[in-house]
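J.: Listed below are the residues making up each chain.
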Amino acid sequence: MSLFCKNTSTFKKGGVHPDENKITSEIATRAAALPKQVVLPLSQHIGAPAKPVVQKGDKVKVGTLIAEAGGFVSAPIFSSVSGTVVKVDTAWDASGYKRPAIYIDVEGDVWEDSIDRSEKLEKLSDHPELTSEEIVNRVRANGVVGMGGACFPTSIKLTPPPTAKATCVIINGVECEPYITADYRLMMEHPDEILVGVELLMKAVNVNEGYIGIETNKPKAIALLENKAKAYSNIKIVPLDCKYPQGGEKQLVDAVIHREVPAPPAIPVNVGAVVQNVGTAYAVYQAVMKNKPLFERYVTVTGKQLHAPGNFLVRMGTPFSQLIEACGGLPEGDNKILAGGPMMGKAVTTTDVTVVKGTNSVTVLTNTDAKRKEAQNCIRCGKCVSACPMGLEPYLLAQLSSLKDWERAEKEDIPSCIECGSCQFTCPAHRPLLDNIRMGKGTVMGIIRERAAAAKAAADAAKAKEEKK
Amino acid sequence: MYILIPVAVLGVIGLVAALILFFCSKKFAVKEDPRLGQVGEVLPQANCGGCGYPGCSGFAAACVKAAEKGSLEGLNCPTGGAAVMGQVSEILGLNAVASDPKVAVVRCNGSCENRPRTVAYDGMKTCKAMNACGAGETGCQFGCLGCGDCVVACQFDAIHINKETGLPEVDGDKCVACGACVKACPRMIIELRKKGKGKGMRLWVQCVNKEKGAVAKKSCAAACIACGMCEKVCQFDAVHVVNNVAYIDPEKCKMCRKCESVCPQNAIHSNGFPKPVEKKKLADLLPKPKPTETAGAEKTEGVGLALNKEVKSKIELEKTVQKEEPKAEKSKAKIDYSVTEDPILRKIRMENTQQS
Amino acid sequence: MANKLVVSLSPHAHGTDSVERNMYGVILALLPALIVSFCYFGLGSAVVCLTSVAACVFFEWAITRFILKREKTTVLDGSAILTGLLLGFNLPSNLPIWIILIGALVAIGVGKMTFGGLGNNPFNPALVGRAFLLVSFPAQMTSWPLIGQLGTYTDANTGATPLAIMKEAIKSGDASVLDKLPDATTMLLGNYSNGFGAGTIGEICGLALILGGCYLIWKKIITWHIPVSILLTVFVFSGCLHLANPIYANPIAELLSGGLLLGAIFMATDYVTSPMTHKGQLIYGVSIGLLTIVIRNWGAYPEGMSFAILIMNAFTPLINNYCKPKRFGEVPAKTKK
Numbered sequence: 015m016s017l018f019c020k021n022t023s024t025f026k027k028g029g030v031h032p033d034e035n036k037i038t039s040e041i042a043t044r045a046a047a048l049p050k051q052v053v054l055p056l057s058q059h060i061g062a063p064a065k066p067v068v069q070k071g072d073k074v075k076v077g078t079l080i081a082e083a084g085g086f087v088s089a090p091i092f093s094s095v096s097g098t099v100v101k102v103d104t105a106w107d108a109s110g111y112k113r114p115a116i117y118i119d120v121e122g123d124v125w126e127d128s129i130d131r132s133e134k135l136e137k138l139s140d141h142p143e144l145t146s147e148e149i150v151n152r153v154r155a156n157g158v159v160g161m162g163g164a165c166f167p168t169s170i171k172l173t174p175p176p177t178a179k180a181t182c183v184i185i186n187g188v189e190c191e192p193y194i195t196a197d198y199r200l201m202m203e204h205p206d207e208i209l210v211g212v213e214l215l216m217k218a219v220n221v222n223e224g225y226i227g228i229e230t231n232k233p234k235a236i237a238l239l240e241n242k243a244k245a246y247s248n249i250k251i252v253p254l255d256c257k258y259p260q261g262g263e264k265q266l267v268d269a270v271i272h273r274e275v276p277a278p279p280a281i282p283v284n285v286g287a288v289v290q291n292v293g294t295a296y297a298v299y300q301a302v303m304k305n306k307p308l309f310e311r312y313v314t315v316t317g318k319q320l321h322a323p324g325n326f327l328v329r330m331g332t333p334f335s336q337l338i339e340a341c342g343g344l345p346e347g348d349n350k351i352l353a354g355g356p357m358m359g360k361a362v363t364t365t366d367v368t369v370v371k372g373t374n375s376v377t378v379l380t381n382t383d384a385k386r387k388e389a390q391n392c393i394r395c396g397k398c399v400s401a402c403p404m405g406l407e408p409y410l411l412a413q414l415s416s417l418k419d420w421e422r423a424e425k426e427d428i429p430s431c432i433e434c435g436s437c438q439f440t441c442p443a444h445r446p447l448l449d450n451i452r453m454g455k456g457t458v459m460g461i462i463r464e465r466a467a468a469a470k471a472a473a474d475a476a477k478a479k480e481e482k483k
Numbered sequence: 000m001y002i003l004i005p006v007a008v009l010g011v012i013g014l015v016a017a018l019i020l021f022f023c024s025k026k027f028a029v030k031e032d033p034r035l036g037q038v039g040e041v042l043p044q045a046n047c048g049g050c051g052y053p054g055c056s057g058f059a060a061a062c063v064k065a066a067e068k069g070s071l072e073g074l075n076c077p078t079g080g081a082a083v084m085g086q087v088s089e090i091l092g093l094n095a096v097a098s099d100p101k102v103a104v105v106r107c108n109g110s111c112e113n114r115p116r117t118v119a120y121d122g123m124k125t126c127k128a129m130n131a132c133g134a135g136e137t138g139c140q141f142g143c144l145g146c147g148d149c150v151v152a153c154q155f156d157a158i159h160i161n162k163e164t165g166l167p168e169v170d171g172d173k174c175v176a177c178g179a180c181v182k183a184c185p186r187m188i189i190e191l192r193k194k195g196k197g198k199g200m201r202l203w204v205q206c207v208n209k210e211k212g213a214v215a216k217k218s219c220a221a222a223c224i225a226c227g228m229c230e231k232v233c234q235f236d237a238v239h240v241v242n243n244v245a246y247i248d249p250e251k252c253k254m255c256r257k258c259e260s261v262c263p264q265n266a267i268h269s270n271g272f273p274k275p276v277e278k279k280k281l282a283d284l285l286p287k288p289k290p291t292e293t294a295g296a297e298k299t300e301g302v303g304l305a306l307n308k309e310v311k312s313k314i315e316l317e318k319t320v321q322k323e324e325p326k327a328e329k330s331k332a333k334i335d336y337s338v339t340e341d342p343i344l345r346k347i348r349m350e351n352t353q354q355s
Numbered sequence: 614m615a616n617k618l619v620v621s622l623s624p625h626a627h628g629t630d631s632v633e634r635n636m637y638g639v640i641l642a643l644l645p646a647l648i649v650s651f652c653y654f655g656l657g658s659a660v661v662c663l664t665s666v667a668a669c670v671f672f673e674w675a676i677t678r679f680i681l682k683r684e685k686t687t688v689l690d691g692s693a694i695l696t697g698l699l700l701g702f703n704l705p706s707n708l709p710i711w712i713i714l715i716g717a718l719v720a721i722g723v724g725k726m727t728f729g730g731l732g733n734n735p736f737n738p739a740l741v742g743r744a745f746l747l748v749s750f751p752a753q754m755t756s757w758p759l760i761g762q763l764g765t766y767t768d769a770n771t772g773a774t775p776l777a778i779m780k781e782a783i784k785s786g787d788a789s790v791l792d793k794l795p796d797a798t799t800m801l802l803g804n805y806s807n808g809f810g811a812g813t814i815g816e817i818c819g820l821a822l823i824l825g826g827c828y829l830i831w832k833k834i835i836t837w838h839i840p841v842s843i844l845l846t847v848f849v850f851s852g853c854l855h856l857a858n859p860i861y862a863n864p865i866a867e868l869l870s871g872g873l874l875l876g877a878i879f880m881a882t883d884y885v886t887s888p889m890t891h892k893g894q895l896i897y898g899v900s901i902g903l904l905t906i907v908i909r910n911w912g913a914y915p916e917g918m919s920f921a922i923l924i925m926n927a928f929t930p931l932i933n934n935y936c937k938p939k940r941f942g943e944v945p946a947k948t949k950k
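Chains as they are written, first to last, in our numbering: chain A, 15 to 483; chain B, 0 to 355; chain C, 614 to 950.
One should not assume that every hint holds.
[What the hints assert, rightly or not] Pairs of lysine-lysine residues, derived as DSS-like cross-links and limited to a Cα-Cα distance of at most 30 Å, are as follows:
hint: 1; chain 1: B; residue 1: 182; chain 2: A; residue 2: 425
hint: 2; chain 1: C; residue 1: 682; chain 2: A; residue 2: 257
hint: 3; chain 1: A; residue 1: 70; chain 2: B; residue 2: 209
hint: 4; chain 1: B; residue 1: 124; chain 2: A; residue 2: 387
hint: 5; chain 1: C; residue 1: 682; chain 2: A; residue 2: 27
hint: 6; chain 1: A; residue 1: 318; chain 2: C; residue 2: 833
hint: 7; chain 1: C; residue 1: 939; chain 2: A; residue 2: 26
hint: 8; chain 1: A; residue 1: 385; chain 2: C; residue 2: 682
[To be verified] A few chain A residues that don't get close to chain B, going by computed Cβ distances all over 10 Å:
hint: 9; residue: 41
hint: 10; residue: 109
hint: 11; residue: 147
hint: 12; residue: 181
hint: 13; residue: 203
hint: 14; residue: 456
[As the list claims (entries may be wrong)] Only some residues are given here: those of chain C computed to face chain A with a beta carbon under 10 Å:
hint: 15; residue: 616
hint: 16; residue: 625
hint: 17; residue: 627
hint: 18; residue: 855
hint: 19; residue: 885
hint: 20; residue: 886
Since the hints were made in silico from the structure, they are not lab data. Glycine is no exception: its CB is placed at the ideal position from the N, C-alpha and C atoms.
Build out the structure end to end from the sequences listed, making use of the hints.
T.: Listed below in structure tokens is the structure:
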């Protein structure tokens with residue numbers, strides 16, 4: 015390999031390279047205007063929905079706790095504006111369904127006093143009181159979740175199961191999705207904070223190795239962070255080749271430290287890696303050092319047909335419609351509005367959907383761009399097999415799903431699918447491969463859970479019987 | 000003399016083979032419940048799978064297994080019907096479970112007219128995929144998606160999408176109530192209800208929208224708005240509004256059709272009654288009011304004219320009692336998130352890849 | 614509402630790849646060989662290829678329209694044109710039109726549409742057509758016109774191909790027969806002289822075929838696995854035989870003669886009938902190489918390529934079943950223990 019003098023790496027298996035379309039990459043971030051009303055869904059994260067602690071008529075400030083964590087895997091939610099709680103009702107969210115949410119009418123912009131609003135960079139070395147537990151506690155209390163889209167509560171990721179030992183923290187600055195530039199802008203505008211955030215994350219899991227993986231299509235970010243990281247001996251910037259889905263946890267671990275995470279239920283920490291997004295690192299810095307809860311985030315509002323696409327610092331609960339208006343309004347005709355990028359984003363059914371913790375982008379595609387072509391017969395070209403980053407056979411899984419052969423589908427490792435969409439992207443016959451696989455995966459996972467539950471019940475019954483004897 | 004040698008050789012080979020066969024038949028014999036065969040004989044052997052088991056032999060095995068637990072409940076051969084199930088239970092030494100014939104009922108009236116399309120779906124044409132994608136093409140997140148998963152699931156050609164309304168329709172004569180469509184529908188719209196006497200007299204609420212009245216009506220002109228008029232008018236305690244949607248208990252319903260006549264949304268549908276005219280008359284009597292709580296109550300009185308005095312007094316009595324109740328229910332519905340959190344959706348979300 | 618929002622499940626982007634792009638890409642890659650064949654065979658080549666393409670397209674259209682009664686025709690996806698072109702390439706340039714029509718009907722009707730059209734056929738349709746014609750009309754299918762008779766069609770003068778010489782050498786056990794073989798450059802360019810029949814329309818010029826193959830690999834329409842594994846296997850296997858016994862032709866001659874290059878680059882790489890995984894494709898390629906040499910040297914026919922591909926087509930589902938890609942994070946079986 016040294017023959018080619020390649021100093022970048024990438025994940026080994028599969029992958030595709032969609033058109034990047036990063037049209038907003040050099041547009042500096044602006045703060046989005048405060049909306050008249052914010053709608054804050056109670057489930058902005060994976061796990062149990064948060065429980066509201068405010069009622070109709072309550073006055074809240076920016077950063078006031080409005081809903082507490084509803085379980086172990088859950089996260090609290092904070093008000094992103096100051097004003098009055100109007101109601102707790104259902105609201106459309108990016109899933110396409112109505113879910114419970116808190117409506118707050120905006121009055122002024124008064125922040126909680128506990129939040130440190132100064133620009134001063136706090137360094138870890140100046141805060142010897144920050145132990146691992148303290149960092150994790152502050153992260154938990156401030157409702158930080160993974161900012162890359164999956165929204166897994168960060169505090170849980172920072173407390174790995176006792177069976178696994180973390181050896182390094184990998185920061186995801188890859189942003190392999192087309193269009194999105196929110197993470198890139200964050201890296202360009204707040205590199206110091208991110209690096210301190212990485213240090214905090216490393217301290218939280220007690221490791222001495224930190225990597226920030228950045229794709230080579232962001233040379234400025236790589237140069238900037240490499241320069242800044244000189245002050246941090248144990249943080250390394252890793253330039254990566256451009257390939258989708260490099261931002262997937264497992265692919266990133268493979269690309270950066272060349273270890274493959276085994277099939278589910280194994281998670282990256284089983285091979286020693288704790289993976290976090292750059293946005294999360296920044297949120298962790300703010301939560302720990304500035305005591306600022308997670309109530310605003312970087313959002314890219316983009317689309318080729320928008321008049322003025324851009325990057326915004328947006329309060330949670332701001333409706334998409336307002337962001338799109340700020341970019342010049344929806345183009346004529348039928349549009350597809352995505353919460354997220356074109357590869358993994360969810361198409362929303364109404365522009366009333368609001369920005370939540372996991373919304374990294376609002377992507378507007380015209381229907382001519384996004385329209386699916388009519389599916390043809392599978393020509394068995396095997397391109398999906400080559401494109402699958404998980405080494406699966408998408409054509410087969412899709413076929414088994416549509417034939418409802420769940421047993422065989424499970425044998426062919428359908429639960430390993432990460433739903434990255436590379437197969438469907440590459441399919442020359444325009445087949446809805448991922449639609450089918452996703453349905454099959456859901457069913458198979460259900461069957462596996464049922465079986466596990468049944469096995470557990472049987473074991474419990476046997477145990478109870480034995481105890482009786 | 001030469002002939003004897005081959006005969007002897009063949010004889011010996013035959014003997015050895017017979018011994019081996021005899022040994023094998025004893026050693027590897029599979030013990031089978033003799034009742035399995037008997038049950039199998041009375042079954043139609045159509046292997047249609049309508050019972051939900053892999054063919055008739057699978058169903059026979061399930062019957063025998065269930066008989067050991069003492070009840071054939073939940074097992075039904077849709078093709079053979081009550082007669083065959085009677086024979087099966089006789090063989091198994093059980094009392095026949097008297098089950099009324101049932102039929103699938105589609106509980107959604109969100110036709111293209113009633114439910115304006117606000118969103119265009121551009122994906123795989125199955126309800127399951129569309130359901131994972133969101134509320135569907137309309138503003139109603141409970142109603143029919145119209146992609147025909149039920150049609151595909153039906154092995155008896157009994158359910159078809161009506162091209163005008165975009166909704167599935169059940170052919171009562173062909174439907175054997177196997178429940179395949181019920182399982183196939185991701186929105187749990189289809190229900191197996193008693194087929195009913197005569198030409199299939201039955202009465203049901205043609206909506207499953209759990210939204211509050213105003214919201215439901217906004218998304219669909221034919222939605223149940225949970226005004227509770229049906230509940231009030233029913234003499235038999237058969238109609239109840241739970242989670243903002245009315246439900247008629249088929250066990251208690253006596254098919255008086257009063258609820259049908261008062262429903263301001265025409266959300267209660269009937270089938271197989273001899274006089275469809277009746278409804279028309281009552282509809283003429285009652286101009287369609289606004290779906291507010293008070294208008295609903297007023298109209299109940301209007302209905303009262305057409306009802307006998309006994310019912311009327313009962314309604315008035317209940318009105319005073321129930322005036323408080325709906326409010327309590329409403330506030331409860333607000334906090335009861337399990338109602339609005341879609342379980343399927345949640346599952347899909349949980350399984351999504353964790354991209355950090 | 615006039616303007617609707619559109620929803621679907623992710624992904625919302627699609628690559629530029631399409632069935633049409635692949636099919637027309639292969640057709641484009643076949644053009645150099647087609648042009649060369651026009652130069653060598655003239656009228657005959659034009660008539661055969663045109664008839665074959667037209668007949669295949671017509672049969673595909675007619676079958677989808679009248680027998681399968683499908684509303685949407687699949688004629689425009691280019692697969693029927695490709696099948697027609699490949700069938701034409703596999704025929705001698707003096708074949709009468711009625712035989713070509715039968716071949717096209719068998720290729721499209723029996724080889725492809727009976728199974729449900731493109732993507733469902735277990736065997737390469739063009740080869741099904743050729744194999745049918747070869748066993749039904751052996752005389753017409755094995756008379757090879759000499760090159761350079763541009764104005765002739767069925768009346769062209771014919772001669773023996775290099776493959777026939779090789780077969781003769783093996784039959785007679787006399788290695789000196791092989792001296793009659795043309796040299797490698799001639800075989801590469803296809804400008805046979807001295808009364809040699811050149812073979813089928815498509816296989817004549819090895820250089821044009823290799824050019825097309827490079828184009829396909831460059832455009833990522835095919836991967837290198839199948840052609841390279843076939844050619845390498847043929848080279849090594851025939852090389853061993855040649856060293857062991859000189860009555861077997863030298864490996865270069867084996868590589869450049871007959872339909873080997875055409876088959877390895879264009880026929881064996883057919884998406885539908887070749888394995889999905891690279892590992893499977895290597896097994897498939899090696900097997901085709903071995904079978905070809907076996908049939909050429911010890912079988913009844915002088916050429917084994919088409920039969921080798923058809924035989925391996927039949928094994929493709931089995932190969933797909935056993936050659937799974939390595940799953941991400943999969944622990945090799947050895948360390949598992």
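J.: Run every hint past the structure and note whether it holds.
T.: To see whether the hints hold, each was checked on the structure:
1. For the hint linking residue 182 of chain B to residue 425 of chain A, the alpha-carbon distance of about 24 Å falls within 30 Å, and the restraint holds.
2. Of the supplied pair hints, the one linking residue 682 of chain C and residue 257 of chain A is violated, its CA atoms being roughly 43 Å apart against a limit of 30 Å.
3. Straight-line distance between C-alpha atoms of residue 70 of chain A and residue 209 of chain B comes to about 22 Å, which keeps the hinted pair within the 30 Å bound.
4. Straight-line distance between C-alpha atoms of residue 124 of chain B and residue 387 of chain A comes to about 13 Å, which keeps the hinted pair within the 30 Å bound.
5. With a CA separation close to 42 Å, the supplied pair residue 682 of chain C and residue 27 of chain A exceeds the 30 Å bound.
6. Restraint check for residue 318 of chain A and residue 833 of chain C: satisfied, since their Cα atoms lie roughly 29 Å apart, inside the 30 Å limit.
7. Proposed proximity of residue 939 of chain C and residue 26 of chain A is supported: the alpha carbons are some 11 Å apart, at most 30 Å.
8. This hinted pair checks out: residue 385 of chain A and residue 682 of chain C have alpha carbons roughly 27 Å apart, not beyond 30 Å.
9. The non-interface label for residue 41 of chain A is consistent with chain B: the shortest C-beta to C-beta separation is roughly 24 Å, beyond 10 Å.
10. The Cβ of residue 109 of chain A sits about 6 Å from the closest Cβ of chain B, inside the 10 Å cut-off, so the non-interface label is violated.
11. Its beta-carbon lying about 22 Å from the closest one in chain B, residue 147 of chain A satisfies the requirement of being farther than 10 Å from that chain.
12. Against the 10 Å criterion, residue 181 of chain A stays outside the reach of chain B, whose nearest CB is about 17 Å from its own CB.
13. With a closest Cβ-Cβ approach of about 21 Å to chain B, residue 203 of chain A is found to remain outside the 10 Å limit, as its non-interface label requires.
14. For residue 456 of chain A, the non-interface assignment is contradicted: its Cβ lies about 6 Å from the closest Cβ of chain B, within the 10 Å cut-off.
15. With a least beta-carbon distance of about 6 Å to chain A, the hint placing residue 616 of chain C at the interface is held under the 10 Å criterion.
16. Because the smallest distance between the Cβ of residue 625 of chain C and any Cβ of chain A comes to about 4 Å, under 10 Å, the interface hint for this residue holds.
17. At about 6 Å, the closest approach between the beta carbon of residue 627 of chain C and any beta carbon in chain A falls short of 10 Å, and the interface hint on this residue holds.
18. Interface hint at residue 855 of chain C: violated, since its Cβ lies 35 Å from the closest Cβ of chain A, which is beyond the 10 Å cut-off.
19. Residue-level restraint check for residue 885 of chain C holds (minimum Cβ-Cβ distance to chain A is 5 Å; threshold 10 Å).
20. Contact between residue 886 of chain C and chain A, as hinted, is supported at the beta carbon level, the nearest pair being about 8 Å apart and thus within 10 Å.
Hints 2, 5, 10, 14 and 18, counting from the list given before, are not met by this structure.
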